[in-house]
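8 protein chains.
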Amino acid sequence: MDETALSQLLEDVRSGIVDPDEALVRLRRLPFVDLGFARVDHHRALRQGIGEAVYAPGKTPEHCAAVVTELLSEPGSSPVVITRASDDQLKAVLEVAPGGEVTATGQTYTVSWCGALERPARVVVITGGTADLPVAKECEAVLRAFGFRPQLMVDCGIAGVHRLLASVDDVTSADAVVVIAGMEGALASLVAGITASPVVAVPTSTGYGAGLEGVTALLAMLSSCAPGLTVVGIDNGFGAACALSRILG
Amino acid sequence: MDETALSQLLEDVRSGIVDPDEALVRLRRLPFVDLGFARVDHHRALRQGIGEAVYAPGKTPEHCAAVVTELLSEPGSSPVVITRASDDQLKAVLEVAPGGEVTATGQTYTVSWCGALERPARVVVITGGTADLPVAKECEAVLRAFGFRPQLMVDCGIAGVHRLLASVDDVTSADAVVVIAGMEGALASLVAGITASPVVAVPTSTGYGAGLEGVTALLAMLSSCAPGLTVVGIDNGFGAACALSRILG
Amino acid sequence: MDETALSQLLEDVRSGIVDPDEALVRLRRLPFVDLGFARVDHHRALRQGIGEAVYAPGKTPEHCAAVVTELLSEPGSSPVVITRASDDQLKAVLEVAPGGEVTATGQTYTVSWCGALERPARVVVITGGTADLPVAKECEAVLRAFGFRPQLMVDCGIAGVHRLLASVDDVTSADAVVVIAGMEGALASLVAGITASPVVAVPTSTGYGAGLEGVTALLAMLSSCAPGLTVVGIDNGFGAACALSRILG
Amino acid sequence: MDETALSQLLEDVRSGIVDPDEALVRLRRLPFVDLGFARVDHHRALRQGIGEAVYAPGKTPEHCAAVVTELLSEPGSSPVVITRASDDQLKAVLEVAPGGEVTATGQTYTVSWCGALERPARVVVITGGTADLPVAKECEAVLRAFGFRPQLMVDCGIAGVHRLLASVDDVTSADAVVVIAGMEGALASLVAGITASPVVAVPTSTGYGAGLEGVTALLAMLSSCAPGLTVVGIDNGFGAACALSRILG
Amino acid sequence: MDETALSQLLEDVRSGIVDPDEALVRLRRLPFVDLGFARVDHHRALRQGIGEAVYAPGKTPEHCAAVVTELLSEPGSSPVVITRASDDQLKAVLEVAPGGEVTATGQTYTVSWCGALERPARVVVITGGTADLPVAKECEAVLRAFGFRPQLMVDCGIAGVHRLLASVDDVTSADAVVVIAGMEGALASLVAGITASPVVAVPTSTGYGAGLEGVTALLAMLSSCAPGLTVVGIDNGFGAACALSRILG
Amino acid sequence: MDETALSQLLEDVRSGIVDPDEALVRLRRLPFVDLGFARVDHHRALRQGIGEAVYAPGKTPEHCAAVVTELLSEPGSSPVVITRASDDQLKAVLEVAPGGEVTATGQTYTVSWCGALERPARVVVITGGTADLPVAKECEAVLRAFGFRPQLMVDCGIAGVHRLLASVDDVTSADAVVVIAGMEGALASLVAGITASPVVAVPTSTGYGAGLEGVTALLAMLSSCAPGLTVVGIDNGFGAACALSRILG
Amino acid sequence: MDETALSQLLEDVRSGIVDPDEALVRLRRLPFVDLGFARVDHHRALRQGIGEAVYAPGKTPEHCAAVVTELLSEPGSSPVVITRASDDQLKAVLEVAPGGEVTATGQTYTVSWCGALERPARVVVITGGTADLPVAKECEAVLRAFGFRPQLMVDCGIAGVHRLLASVDDVTSADAVVVIAGMEGALASLVAGITASPVVAVPTSTGYGAGLEGVTALLAMLSSCAPGLTVVGIDNGFGAACALSRILG
Amino acid sequence: MDETALSQLLEDVRSGIVDPDEALVRLRRLPFVDLGFARVDHHRALRQGIGEAVYAPGKTPEHCAAVVTELLSEPGSSPVVITRASDDQLKAVLEVAPGGEVTATGQTYTVSWCGALERPARVVVITGGTADLPVAKECEAVLRAFGFRPQLMVDCGIAGVHRLLASVDDVTSADAVVVIAGMEGALASLVAGITASPVVAVPTSTGYGAGLEGVTALLAMLSSCAPGLTVVGIDNGFGAACALSRILG
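Protein chains in written order, with the working numbering: chain G, 1 to 249; chain F, 1 to 249; chain X, 1 to 249; chain U, 1 to 249; chain L, 1 to 249; chain C, 1 to 249; chain R, 1 to 249; chain S, 1 to 249.
Excised from the complex, chain G in its bound form:
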């Protein structure tokens, strides 16, 4: 219900086409559907510029299937994505919506439907190590659903800085960069130091001990001496993809 629609509604009231009480009801009737266990938001794509997404953990397979079904019921719908689905949840959603594109992300899956048209912006996703792959895969799958064709560079950690420098042209020519790293998370600072493009950092919970399940990488990225670096939550590859979708319009 945007401003134009509101103007029209008031005009219709004035001209007698719509009754005031009816108008009041309509003002209340917002574009979501209440399934009891979820209030499915049908205009988030419009409002936030990104596709609909379902975060699977904490939902039963039946919950997942019902929400996906509802989201896909909208004609001309924008991309629909489910992240962190377990084997059971994957099976349930593919049963009700068979055409989904499935990406394995460690022990879980990202599934998408109705992928957006390809967008031209050049996006690079860089990881510090091989163990960051599940987060990178989630990020890549969501970016693909949103129409991007990201380039993935895995295992460019700072302990062997030439591995990143060898790809320096790809990095500096990208329109936006996602850096995914655990341990000390220093790769994000390094990348932000060599490019003028937006850099979104994703700390990961890989590593052990003093890595504190990703808190160390998170704090390090937030304290970066490279100005203009921004950060999303630990292991949040999905969030980084959404941030890029906002940034790249």
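Bear in mind the hints are in silico, worked out from the structure with no lab data behind them.
Beta carbons: idealized from backbone N, C-alpha and C, even for Gly.
It is possible that some hints are incorrect.
Now the in silico label distances, taken between C-beta atoms and shown as ranges [as the list claims (entries may be wrong)]: (1) G:95 <-> R:91: 30 to 38 Å; (2) X:16 <-> G:101: 51 to 59 Å; (3) C:35 <-> S:149: 45 to 53 Å; (4) R:88 <-> G:96: 32 to 40 Å; (5) C:35 <-> R:120: 25 to 33 Å.
Given chain G, put chains F, X, U, L, C, R and S in place with the hints provided.
Coordinates of chains F, X, U, L, C, R and S only, in the frame set by chain G:
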């Protein structure tokens, strides 16, 4: 042993009906029963105005069954509730007290007996997401045992604020509101900002990474800019129900 | 702008009294005043059932004076309170609004104007120690502004439990209780264990070392074994007063 | 020393214009100047697309003056900014570089020279409260130095959500938004929920107690249920301005 | 009001010497005095076996003077101690109670009156470094007030283990040992490893950085591999003295 | 190798009975046995006044069996205890040392051999709830091995304070008290407030959410307003038993 | 690509042997191989003076096998090590590279190939307890791969300090010492206090409760009063071995 | 009292030159002097291979002067260093020992006497920023006292990585490197990635917000992906110098 009883006892001593030594013994004999592994408190309902409750984790199925049996042995007893019971514990208590009302709360169960008479106060329980359902179900089950008939609104998180606004009348007309949310817990501030009724916030451990198992939502709710919001412990749906029972008399 | 006003507005549009474009403008014109450095909210009292409050820290004396002036400009206004004002801020607000009731709260001041009519509910404010007095004084001053006449019991900490028990009748007969305690915060559990009324706990930053500036008391209160205890933020005497205002209607 | 320059150098070596040993020396000679206590980086603007910046704390007034002098010595220089300067540091830098534009940011100052040409992108900076003003002022000053003309909206916290909604058109039509908030930081989630543009959140250390000097707002923003929100460090208004400079090209 | 007194009271009621209502009043009249800002506990010494103590921070000089006066008003009183008194507080208490024994403890003072009779137990107080002296001095002053004549060994830290071993006979022959140490707090483990007597460890906030204001020493002492070591709060020399008073009867 | 033995050794050297080189060797030969994976300490009982103990986690069943065998090989040995043994470890140690007294402590076992002679001191072990039983059982089993006959009082938490008060004589007449509690740990303060005997508090990891796996109870106990309370590590029932052994001589 | 090679390349360009474009390509071609999921670094041994290492967790068995194969493909290769391999990963790497030396490290394995020539430096690895063995075994296995023949001393914890003192000659005559300890980690301070050689401390996550999964030992080691002690991450036996390799040249 | 001396003592006992009782006394008489408030350790230099050091904070100026005097009283003494001395402490020590070499380290001073003979090892000290200078100056002053002539490179932070690379030869040819950095501390990983020498990292408390007073840099350094990096405590420039003294023999 309230003040009246104490006066009477002293009067009885004065009049010779009760011997001083006997009085001393009685002063010590308080209304609980020691089962060895538990001291079952038979006048908590009287003292704290809420039903008896057993927190199942850390107790054997036999412990659970014995405590429930003891609590129900009191004639004219107030509501008895057991929370977070496992499958084994559930089976054990239903064997000794078959009439319990069972509610599934994620991987555990809430069971209640001797539910209170229905109370007229209007109570609303709102969750931020679907994954908060187990905590909401525990809260709802305990509220029902205490005589309330709460209205449950699931998945009203702040990312789609119209989902809450659509139910704004239900919220503002409630006598008290429980808000259950994980992640950044902002829903509690939003609700407290639109209603003059008491709002009790329950942070949940849903989410991952920087959510820190509910600590983030907890801290956020405690730091709320909405004045007069109160908070209970992480995932403590039971506690919120008890708080409402105190508040609504 | 409540529902009645919205209905009326739409009715006026229908009947031609109000132009649709004008209606749109009015829908936007909400009851706050933008002073540039603050958006003063003129209907919070209506919406949240509590008086207007200004949190002084971080504002210049001129900011404070301007916001208080604006709040008091509303005819028939509800109570206005400023908390944690420094000497300079105190001087500034009393210059523009001389009639304020001033309460010293440690190194700062609480000032109130237009106190509400006296309300009959019995409220007790209990502290664990003498060092908790500044927080208790803030709580008491705000409660008084809201029309309550709270009874203050200072230094009832759990190390000498008879000091609380001596006042047990006052505690159990109160309609609501605020418990203010630092260190291990155990007093809140004890009070909640002996009364059926609502109990709001305020952890304080008194103490040292393992008290962690109030975090220990906060965590302890949230983990209380006394069901139905609710908690506000550290040192937040104002918040506890607001919570009681909500609870006692 | 970009790739073109490197190619030219090699070509010059091949054609005998440059001696190999001389080339080796040049490859080492990078565009910074070592002042002993600082290595001033003369091509950061080129590499990272943002102006030169000096973080004043921990530097003597003489350090500050010398670094600013060095940065401004480059002909055709990009914007130069110093942040968090104390009174002494302010005096020192204005003595050596009198034309700086000074902005008071709480107890400190931001000073800029050689501001960039005005850029057309619409930028909005929103704060939760008045106490967030110093951080917002730093962000605004740096954005202005970079050529933006940000719109500042102060005191739109979630406890009176209509204060934000009244400016909803300004928010949704902006090309990028900075949200600056302390306490529970919920404003960032709310803003990200209503706009499709990039949103950069800055947690602030305003507030007290459970706000944990900004850590609560930081964690809450990172755990936001609004997808695509990105975060910079606590009180880092400068960092948010740099992030916007990257995002808006 | 111990058990004997209670028996006697009931006997008196039975024999008609005391009226039941009067008895009820007496049961309520417990041995503390309410000064408004403090409830002074006149039988703590009896109940807890240790002298009366006043923790000065957070009290005005007038508060301190009044509480000390009240405590000393009891005829035949047990030791009275005030800890962490500032210069102003010291002056105020010595004015109303001139005979106090004053000990400087860093920036504050411990003062005691009515010291107990000398007790024969051998007590040793060991510190890791010179910077731990203020805490050791507080502990020593309180121990002296309680009748002990502790031996103080300063600067026996583990980095030069022979400094402790040289005094090993004094340590192993003591009836109880207090170990006061900051930094890594390892001295407590070492001492507990060589003596069979009770060892009470006091972590101190000396040191910097990773010492985390005493939290590191606290955690280390609690995790000691030396069985039977007990710990009190950070910098709590007073608490350690009280623990020894309990232990040594 | 105590001082007497050292004197004798030197005397023997002087008189020519022992060769200097031989003496040097003997000075090095201390009473432990190196099994390769463990250095078994044969005079800890002598030195620390408590029995030998083996902490099972992290050891293979073979390690456990070998260490227990070694400890029991000493003629006239003091009590030997193994704590937290798994089913496999239990089986292994009982095979090599069949006579052990086995106590179930939750999912693990405490086993002891060669229990000490009964000691007369009266010891009370109190728990806050039923879920604290495993820790209490470990504490009780070790105390029994050391010769004590502790009285166990389970489920005396502060929410029903009369449950503790009913046993107040048993508590105040004990020579030492162990308080085992999770959640907010307030029971320890309460107990220390009513007895003059030594009180050792054991925080437990029972509870959930804001209990932070026992950290909340730990901090609360360390911040207790009851003077002279001492604390051991989380869930460390063994440590509390050892502390009592030291305290009670 | 070291400085000599760079000089030669430029000389070759100058003399016409190498084309400038070709030179540019070569400058980019650094000695790593991109396997898609890993960028295998073929000159880390040269650059960092230590063998190649693969951290197994987070990699599939196939990943592990491919990286090991790649590393061993280099003729005349330096030592190759894989740490923390699971049973599946172990099987996969031994299949492609059968000659590896396998060491069990708790639930995982360290495997090495192409061990370096024996180096003469004397290295001692000391543990606080038996439970630290897996970390010590990892450290020992890596040290052996690097050519050292470390002496392992297990279970020398500070609670029985004579167990360490008995081996004091071995400790003080070592060229470098690794101390591996959990709980309070005090052993590291003790060792650093008796030797002039480099001491590298490894905190371990053994223990429970207040040990906080190794954080307590870590903080204690970093706060050590023994000057010159250095620390690596929790459980990082591999890191300590690498540090020794650097230190001993 | 080393092993040779012990052998000699025993030999003297055997030959009758020394009486056994006298020998016992000598064994106890270890080389420290007890000043009451400090046990000055006269053979630490011998034992730990580093000079004597006094940490000034927490000591009175008189304490400092007395300890320095005592340390310098030893004929042929090794270097004596006092760190973090305030103006008052500086004045006091220079009065009793005028020849000290004074280095300003931020608000404090490092003073040394009797500097060691120059040692040939090449040492480099690198800082991330100018604000790290005080820690670097402390490190440099202590290294100089120990006989090193360190090369200081200031402001080489990772945001402009070419500033470090320009000095890469100096770094890689050093015998040992100290890296001093705050914020995200990534510089240490980068340096350890390009050199085979020992690298000791010092996290600093510079920066603000998410830097958490140096904890972020500390955790990041401990989690470094560069193998063999070791770490000392926050701001511990002294400790890093001592570590290098151990490492370089």
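Hint-by-hint comparison with the structure:
1. Look at residue 95 of chain G against residue 91 of chain R: about 35 Å separates their beta carbons, and that is inside 30 to 38 Å.
2. Taking the beta carbon of each, residue 16 of chain X and residue 101 of chain G are about 55 Å apart, inside 51 to 59 Å as hinted.
3. At about 49 Å, the CB distance of residue 35 of chain C to residue 149 of chain S agrees with the hint of 45 to 53 Å.
4. For the hinted restraint 32 to 40 Å between residue 88 of chain R and residue 96 of chain G, the CB-CB distance of approximately 34 Å keeps it satisfied.
5. Taking 25 to 33 Å as the suggested C-beta distance range, the pair residue 35 of chain C and residue 120 of chain R conforms, at roughly 29 Å.
Taken one by one, the earlier hints all hold for this structure without exception.
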